[in-house]
Amino acid sequence: MKPHRKASKRCSNITHSKYFWFLGIILLTSIIVAIAVPLVIKKRNALDKTVHFYNPDRGLFTQWDIFANKYQPPTPWELEEMRRTGNSVVHFPVYLNTFLSTPISDKFLSDFAELLNRVRDAGLKVILRFAYTDSIAASPADAAKALVKQHITQLSTILRPASDIILLLEVGFIGVWGEWYYTQNFGNEGVVSDSQWADRVEIMNDVLGMVPGKMVLVRTAQYKQRLLGGDVNVVSGTASVNASTAFGNSTAARIGFHNDCFGGINNDMGTFRSELDRQYMISDSLYVPMEGESCDTSNPTLYSCPTSLSRLQQEHYSLLNDAHHPDVLKFWQQNGCYDSIVSKLGYRFTSTNPVWYGSTRTGRVGASGATVRVAGWERMEISNRGNVGPFNEYVVEVLFVPGVVMGGAGVPDGVKGNGFLGTLDWDLRRIPGSAEGVVIPETSFDVDVGLVDGSVETYGVFINIRSKEPTLAARPPFRIIFANDETVIPDVTQTPFWTQSRINSLAYNATVTPGAVVAENRNATKSVKLGRVSFELKGGLLSWT
Numbered sequence: 021m022k023p024h025r026k027a028s029k030r031c032s033n034i035t036h037s038k039y040f041w042f043l044g045i046i047l048l049t050s051i052i053v054a055i056a057v058p059l060v061i062k063k064r065n066a067l068d069k070t071v072h073f074y075n076p077d078r079g080l081f082t083q084w085d086i087f088a089n090k091y092q093p094p095t096p097w098e099l100e101e102m103r104r105t106g107n108s109v110v111h112f113p114v115y116l117n118t119f120l121s122t123p124i125s126d127k128f129l130s131d132f133a134e135l136l137n138r139v140r141d142a143g144l145k146v147i148l149r150f151a152y153t154d155s156i157a158a159s160p161a162d163a164a165k166a167l168v169k170q171h172i173t174q175l176s177t178i179l180r181p182a183s184d185i186i187l188l189l190e191v192g193f194i195g196v197w198g199e200w201y202y203t204q205n206f207g208n209e210g211v212v213s214d215s216q217w218a219d220r221v222e223i224m225n226d227v228l229g230m231v232p233g234k235m236v237l238v239r240t241a242q243y244k245q246r247l248l249g250g251d252v253n254v255v256s257g258t259a260s261v262n263a264s265t266a267f268g269n270s271t272a273a274r275i276g277f278h279n280d281c282f283g284g285i286n287n288d289m290g291t292f293r294s295e296l297d298r299q300y301m302i303s304d305s306l307y308v309p310m311e312g313e314s315c316d317t318s319n320p321t322l323y324s325c326p327t328s329l330s331r332l333q334q335e336h337y338s339l340l341n342d343a344h345h346p347d348v349l350k351f352w353q354q355n356g357c358y359d360s361i362v363s364k365l366g367y368r369f370t371s372t373n374p375v376w377y378g379s380t381r382t383g384r385v386g387a388s389g390a391t392v393r394v395a396g397w398e399r400m401e402i403s404n405r406g407n408v409g410p411f412n413e414y415v416v417e418v419l420f421v422p423g424v425v426m427g428g429a430g431v432p433d434g435v436k437g438n439g440f441l442g443t444l445d446w447d448l449r450r451i452p453g454s455a456e457g458v459v460i461p462e463t464s465f466d467v468d469v470g471l472v473d474g475s476v477e478t479y480g481v482f483i484n485i486r487s488k489e490p491t492l493a494a495r496p497p498f499r500i501i502f503a504n505d506e507t508v509i510p511d512v513t514q515t516p517f518w519t520q521s522r523i524n525s526l527a528y529n530a531t532v533t534p535g536a537v538v539a540e541n542r543n544a545t546k547s548v549k550l551g552r553v554s555f556e557l558k559g560g561l562l563s564w565t
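Per our numbering, residue 21 is the first one in the sequence shown, and the count goes up by one each step.
To be clear, the hints were calculated from the coordinates, so they are not data collected in a lab. Cβ coordinates follow ideal geometry from the N, Cα and C atoms, glycine included. Just to be clear, a hint being listed does not mean it is correct.
Said to hold, decoys possible - Dumping the calculated DSBU-like pairs for lysine-lysine here, alpha-carbon to alpha-carbon at most 30 angstroms:
#1 Lys127 / Lys234
#2 Lys234 / Lys488
#3 Lys169 / Lys127
#4 Lys234 / Lys90
#5 Lys169 / Lys234
#6 Lys127 / Lys165
#7 Lys234 / Lys165
#8 Lys90 / Lys169
#9 Lys90 / Lys127
#10 Lys165 / Lys90
Stated by the list, open to error - Per label pair, the in silico range of CB-to-CB distance:
#11 Asn269 / Thr491: 15 to 23 angstroms
#12 Ala263 / Ala493: 22 to 30 angstroms
#13 Val221 / Leu329: 32 to 40 angstroms
#14 Lys488 / Asn225: 22 to 30 angstroms
#15 Glu100 / Pro181: 28 to 36 angstroms
#16 Lys127 / Asn262: 42 to 50 angstroms
Please model the entire structure based on the sequences and the hints provided.
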């Protein structure tokens with residue numbers, strides 16, 4: 021493999037079923053409560069496939085090279101501008117060029133830790149790759165193994181506290197650009213002895229331990245096969261990850277790929293030795309991340325629009341560099357596929373045509389004989405019109421927000437934690453790219469509810485897809501939004517809270533009205549189960565936490 025990589029300080033943007041039960045309002049022994057739900061099939065419109073918009077962990081990333089000998093990190097404003105132009109990820113190649121023979125200085129570690137805090141403040145995540153030089157002429161191109169291991173240990177002390185915003189690690193450390201090819205200490209230009217491979221495996225294991233649980237990317241399928249104990253000389257198309265082992269903590273499940281020469285000659289400059297290598301990456305990248313950049317303009321047929329769209333989908337690309345290769349990106353723009361390529365990177369979820377119950381469903385609760393009426397979706401489908409599902413797990417919550425009338429005035433600015441109803445057992449990672457009409461399974465909720473006599477409440481129904489990281493859970497930039505026109509409103513003069521807070525509107529109102537009093541104990545608490553729906557009932561005012 022002959023890597024072809026540029027030296028770039030900053031790359032700026034070119035342009036930027038099962039049945040799903042929801043919602044039951046039940047009063048215990050004090051009031052009968054019904055949700056008035058008309059029979060309706062709600063037509064939901066997906067955005068045009070070429071409309072791309074901000075979502076975390078996918079799309080274009082901006083590269084900013086960091087050099088230890090002339091440390092010039094992006095300012096807070098520059099980081100925020102990356103997000104404002106539609107990128108959710110920044111890529112830092114970090115060149116430790118002043119530490120080829122010494123430990124990393126405390127000053128550099130402190131400065132870089134502060135930069136990671138800036139990334140978090142800006143609402144971005146980061147891809148990291150550490151190396152020692154970006155010049156093929158450099159000698160040595162990397163540090164000795166013992167010092168590399170020491171550097172990894174030092175860097176771990178600042179990376180682990182920032183694990184919430186570290187999206188991916190590229191293995192790095194070895195060779196020019198950290199690409200494992202041009203290197204003096206670990207074999208060179210593809211000639212690597214068994215003992216040197218053992219050293220590489222040791223470095224890889226150390227990088228896997230830098231930020232536990234994070235995925236680490238390698239340059240080729242060959243590297244992953246060898247790191248997993250295979251014979252580097254044997255070409256195998258057999259996947260190392262499948263549906264049952266995906267997203268776990270095994271080494272195979274944590275190693276993904278970065279292709280730094282998409283669309284290049286000679287099988288992407290040596291990324292693939294044969295079609296079997298490509299099939300290996302295709303199979304694995306259904307469950308592990310795939311990202312990269314274009315680098316070579318020698319043969320336009322290799323990065324033509326039909327070829328690029330097909331390959332990016334087949335190989336499950338989530339992320340691409342927003343400025344390399346500029347001539348390839350310009351070619352895509354001139355030939356009309358740039359917007360489609362960008363919009364399909366990673367995931368692109370839409371919710372489609374929910375069918376609501378035409379009447380309430382009634383059951384009996386305990387000896388008091390109180391009536392339970394439940395309403396919700398009879399059917400809900402999710403489609404993924406991107407290349408692949410997310411590679412990170414997200415929490416999916418239902419919000420039932422009081423006082424919100426869809427399409428009406430006076431919409432509050434932000435949910436601010438109110439209206440939480442329950443968490444859905446959805447694993448969006450399991451919804452593959454190009455999946456249409458995936459039926460959402462049945463789901464159970466525990467809900468605290470109650471009404472005051474005579475009250476009538478109207479609620480908007482929303483889905484909040486948020487980060488699992490506690491530090492990011494309440495922050496809108498780290499939420500996933502659907503590609504539906506009720507969620508993403510192109511007119512920036514319209515500012516309903518679901519666009520500001522990045523909460524998914526289902527374009528539906530539910531009205532709750534009290535029934536007759538059937539008992540005097542208004543403060544009683546009970547649990548009631550009706551089918552697959554579980555509720556905890558409390559008398560008194562509606563309580564939202």
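Status of the hints after comparison with the structure:
1. Lys127 / Lys234: Judged against 30 angstroms, a Cα distance of about 26 angstroms means the pair holds.
2. Lys234 / Lys488: The hint holds at about 13 angstroms.
3. Lys169 / Lys127: Roughly 19 angstroms between the alpha carbons, so the hint for Lys169 and Lys127 holds.
4. Lys234 / Lys90: 29 angstroms, holds
5. Lys169 / Lys234: 18 angstroms, holds
6. Lys127 / Lys165: 23 angstroms, holds
7. Lys234 / Lys165: 23 angstroms, holds
8. Lys90 / Lys169: The given pair, whose Cα atoms are some 23 angstroms apart, holds under the 30 angstroms limit.
9. Lys90 / Lys127: Given pair Lys90, Lys127 holds - Cα atoms ~13 angstroms apart, limit 30 angstroms.
10. Lys165 / Lys90: 25 angstroms, holds
11. Asn269 / Thr491: 15 to 23 angstroms: Between Asn269 and Thr491, where Cβ atoms are some 21 angstroms apart, the hint holds.
12. Ala263 / Ala493: 22 to 30 angstroms: For Ala263 and Ala493 the Cβ distance comes to about 27 angstroms; the hint holds.
13. Val221 / Leu329: 32 to 40 angstroms: Holds - the Cβ-Cβ distance for Val221 and Leu329, about 36 angstroms, lies within 32 to 40 angstroms.
14. Lys488 / Asn225: 22 to 30 angstroms: 25 angstroms, holds
15. Glu100 / Pro181: 28 to 36 angstroms: 22 angstroms, violated
16. Lys127 / Asn262: 42 to 50 angstroms: At roughly 46 angstroms between Cβ atoms, Asn262 and Lys127 fall inside 42 to 50 angstroms, so the hint holds.
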